Amino acid sequence: MISEKLIKDATVELLRKTVTRMPADVVNELKKAMKNETEEVPRMQLKAILDNLELAEKTNTPLCQDTGVTIFYVNMPQCLKVDVEKAIVEGVRAATKEVPLRPNAVHPLTRKNPGDNVGRKMPYVNFKIWDKEYLEITVMTKGAGSENMSQLAMLTPSQGVKGVKEFILNVVLKAGSNPCPPTILGVGIGGSSDIAMKLSKEALLRPIDKPNEDPEIATMEKDLKEALNMLGIGVMGLGGKTTVLGVNIEYAFCHTASLPVAVNVQCWAARRGTVQIYPDEKLKFPVHEG
Amino acid sequence: MQVRLKTPIKEEDIRKLNIGDIVYLDGIVYTGRDEVHIHALEKAEHGEKPPVDFNRSVLYHCGPIMKKQGESWTMVAAGPTTSSRMNSLEPKFIDKFHPAAIIGKGGMSQPTIDAMAKHGAVYLAITGGAAVLAAKGVTKVHGVHWFELGMPEAIWVLETENFGPMIVGIDSHGKSLFANVDAVVKTNIDKAKKKLNIA
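Chains as they are written, first to last, in the numbering used here: chain A, 1 to 290; chain B, 1001 to 1199.
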């Protein structure tokens, strides 16, 4: 039976795995970057990144001190009658102590930090109901350095594809060395202002070795990646061939009078994780079990 | 050039460093980010001193994960935070407290570069996100000040040993590795635009 206790414990385990181990698709791309770089400075930075990943996994330690604010994406079986949100909140509270996570969540104006990553509307849980029998919880533990570089543009339809590409390029130029490059760009096109932002973050939940299913969008992702890597911002903004590890685009139909575009910038430490909780209490962690 | 320096660091040793040099540190390092800058400068305005002496010390832009065991703290993870958030406060901080080095990531803007040249300070870039590796160079946590600001924002007093590698990103002669990269990036924008058919 899927109980609140089971969900709470699964949330702790999910957070532990997510902050200590990187998804394979991101590690592979970092290793490719190491092969590709010839200059000493970016190679030194990439070596630190790869050594750190190994050390974090071996010692079960958060690989980056910024364990983010906890934003969850939940797929709910229709007939589940337990308070999933409450269980997740308790899971975050416990994980903050046990993993440990850095207590990041503060009041936005007083900046008061309760110390347990729990406050008004935080953790933030996005719910969807689906027709499967298991409960699926996904989390992204995203640092603020990259989140702070994210942007929204409400373009006019006449600006078109060119305007979209220009905006993405400008986001990367403005972010420069700040978001811990090489970054992954989550791009949301269309919908409305809020939907574009939401899509840009959800785009980051897709592995970077999996192009968009729409071939035209997939081409745009590939072209953007190649073009942005010509800029030379490089690892940590210290120059070199690797400025982005990937570009993931999602889109939605929008109003005929608007063209919203959102870019969510993700640092190289792109930590995401998923737990699937089955009625027989079995847990699966698809991102971390390959 | 690769050097190993012990804190506090004399001005003459800082002046020998140039951008691109590799630095390892031993001795005391203080963490401090947004709130430490704000509070230390506010206190100074009222004639009060911060709880530690930043003179010729090393300030680390870092909000670590710490764990309390009994009465003492141990460091779990301690990578750098984005230094540019402190751009508007750092020149005043350097003017007032005279640190010898600031550790961070991403570099800092021209007023900080100028303040570093004036006071003989450098900016040491350490790899962002590599938090377990950085924590390995911390051998002891001596204590914490201003804990009420929250774990990431407090001043942690760290004993370091062979802390690094760090790269001199801004030296005390007005040079910045990040500014050099920016200049290269500017010349590459047209190439990227061409590739995207938006030239």
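Bear in mind the hints are in silico, worked out from the structure with no lab data behind them. Please read all numbers here as calculations on a predicted model, not as lab measurements. C-beta: ideal position from N, C-alpha, C; glycine also. A portion of the hints provided could be inaccurate.
[As the list claims (entries may be wrong)] Partial chain A-side listing against chain B, Cβ under 10 Å, derived:
| hint | residue |
| --- | --- |
| 1 | LYS32 |
| 2 | MET44 |
| 3 | ASP66 |
| 4 | GLY115 |
| 5 | GLY119 |
[As the list claims (entries may be wrong)] For lysine-lysine, the following DSSO-like pairs were computed, each having C-alpha atoms within a straight-line distance of at most 27 Å:
| hint | chain 1 | residue 1 | chain 2 | residue 2 |
| --- | --- | --- | --- | --- |
| 6 | A | LYS47 | B | LYS1175 |
| 7 | B | LYS1067 | A | LYS32 |
| 8 | A | LYS225 | B | LYS1186 |
| 9 | B | LYS1010 | A | LYS32 |
| 10 | A | LYS47 | B | LYS1140 |
| 11 | A | LYS17 | B | LYS1194 |
| 12 | A | LYS174 | B | LYS1175 |
| 13 | A | LYS35 | B | LYS1096 |
| 14 | B | LYS1068 | A | LYS112 |
| 15 | B | LYS1186 | A | LYS222 |
| 16 | A | LYS225 | B | LYS1193 |
| 17 | A | LYS58 | B | LYS1010 |
| 18 | B | LYS1140 | B | LYS1194 |
| 19 | B | LYS1096 | B | LYS1175 |
| 20 | A | LYS174 | B | LYS1136 |
| 21 | A | LYS32 | A | LYS225 |
| 22 | A | LYS32 | B | LYS1193 |
| 23 | B | LYS1194 | A | LYS241 |
| 24 | A | LYS97 | B | LYS1043 |
| 25 | B | LYS1194 | A | LYS174 |
| 26 | B | LYS1010 | A | LYS35 |
| 27 | B | LYS1136 | A | LYS31 |
| 28 | A | LYS35 | B | LYS1191 |
| 29 | A | LYS32 | B | LYS1186 |
| 30 | A | LYS58 | B | LYS1068 |
| 31 | B | LYS1136 | A | LYS58 |
| 32 | A | LYS8 | A | LYS58 |
| 33 | B | LYS1191 | A | LYS97 |
How the hints compare with the structure:
A least Cβ separation of about 18 Å between LYS32 (chain A) and chain B goes past the 10 Å threshold, and the interface hint is therefore violated. Interface restraint check for MET44 (chain A): the shortest CB-CB distance to chain B comes to about 7 Å, inside 10 Å, so the restraint holds. Against a cut-off of 10 Å between C-beta atoms, the interface hint on ASP66 (chain A) holds, since the closest Cβ of chain B lies about 7 Å away. Hint status for GLY115 (chain A) relative to chain B: holds, with the closest Cβ pair at about 7 Å, below 10 Å.
A cut of 10 Å between beta carbons decides the hint on GLY119 (chain A): the least distance to chain B is about 12 Å, and the hint is violated. Between LYS47 (chain A) and LYS1175 (chain B) the CA atoms are separated by roughly 25 Å; this keeps the pair inside 27 Å, and the hint holds. A C-alpha spacing of about 35 Å is found between LYS1067 (chain B) and LYS32 (chain A), which places the hinted pair above 27 Å, so the restraint is violated. With a C-alpha separation of about 18 Å, the suggested pairing of LYS225 (chain A) with LYS1186 (chain B) holds against the 27 Å cut-off.
With a C-alpha separation of about 42 Å, the suggested pairing of LYS1010 (chain B) with LYS32 (chain A) is violated against the 27 Å cut-off. Between the alpha carbons of LYS47 (chain A) and LYS1140 (chain B) the distance comes to roughly 25 Å, so the proposed pair stays at or under 27 Å and holds. Only pairs whose Cα atoms come within 27 Å are accepted, and LYS17 (chain A) paired with LYS1194 (chain B) is rejected, the gap being roughly 42 Å. Between LYS174 (chain A) and LYS1175 (chain B) the CA atoms are separated by roughly 21 Å; this keeps the pair inside 27 Å, and the hint holds.
As the CA atoms of LYS35 (chain A) and LYS1096 (chain B) are separated by approximately 45 Å, the hinted pair breaks the 27 Å bound. For the suggested pair LYS1068 (chain B) and LYS112 (chain A), the alpha carbons sit about 20 Å apart, so the restraint of at most 27 Å is met. Distance check on the hinted pair: LYS1186 (chain B) and LYS222 (chain A) sit about 22 Å apart at the alpha-carbon level, within 27 Å; holds. Pair hint LYS225 (chain A) plus LYS1193 (chain B) holds up; C-alpha atoms about 12 Å apart against a cutoff of 27 Å.
Simply put, LYS58 (chain A) and LYS1010 (chain B) have alpha-carbon atoms about 38 Å apart, too far for the 27 Å limit, and the pair is violated. Only pairs whose Cα atoms come within 27 Å are accepted, and LYS1140 (chain B) paired with LYS1194 (chain B) is rejected, the gap being roughly 52 Å. Only pairs whose Cα atoms come within 27 Å are accepted, and LYS1096 (chain B) paired with LYS1175 (chain B) is accepted, the gap being roughly 22 Å. The hinted pair formed by LYS174 (chain A) and LYS1136 (chain B) fails the criterion: a straight-line CA distance of about 33 Å is larger than 27 Å.
As the CA atoms of LYS32 (chain A) and LYS225 (chain A) are separated by approximately 14 Å, the hinted pair is consistent with the 27 Å bound. Taken as a hint, the LYS32 (chain A) and LYS1193 (chain B) pair is honoured in the structure, with Cα atoms around 24 Å apart against an allowance of 27 Å. Among the hinted pairs, LYS1194 (chain B) with LYS241 (chain A) is consistent with the structure: their alpha-carbon atoms are about 17 Å apart, no more than 27 Å. A distance of roughly 32 Å separates the Cα atoms of LYS97 (chain A) and LYS1043 (chain B); the hinted pair therefore is violated under the 27 Å criterion.
For the proposed pair LYS1194 (chain B) and LYS174 (chain A), the alpha carbon gap of about 19 Å is at most 27 Å, so the pair holds. For the hint pairing LYS1010 (chain B) with LYS35 (chain A), the CA-to-CA distance comes to about 40 Å; that exceeds 27 Å, so the pair is violated. Restraint check for LYS1136 (chain B) and LYS31 (chain A): the C-alpha separation of about 23 Å stays at or below 27 Å, so the hint holds. At most 27 Å may separate the alpha-carbon atoms for a hinted pair to count; LYS35 (chain A) and LYS1191 (chain B) meet this at roughly 23 Å.
Restraint check for LYS32 (chain A) and LYS1186 (chain B): the C-alpha separation of about 26 Å stays at or below 27 Å, so the hint holds. At most 27 Å may separate the alpha-carbon atoms for a hinted pair to count; LYS58 (chain A) and LYS1068 (chain B) meet this at roughly 22 Å. With a C-alpha separation of about 13 Å, the suggested pairing of LYS1136 (chain B) with LYS58 (chain A) holds against the 27 Å cut-off. Simply put, LYS8 (chain A) and LYS58 (chain A) have alpha-carbon atoms about 25 Å apart, close enough for the 27 Å limit, and the pair holds.
Distance check on the hinted pair: LYS1191 (chain B) and LYS97 (chain A) sit about 49 Å apart at the alpha-carbon level, beyond 27 Å; violated.
Figure legend: structure checked against the earlier numbered hints; hints not met, in rising order: 1, 5, 7, 9, 11, 13, 17, 18, 20, 24, 26, 33.
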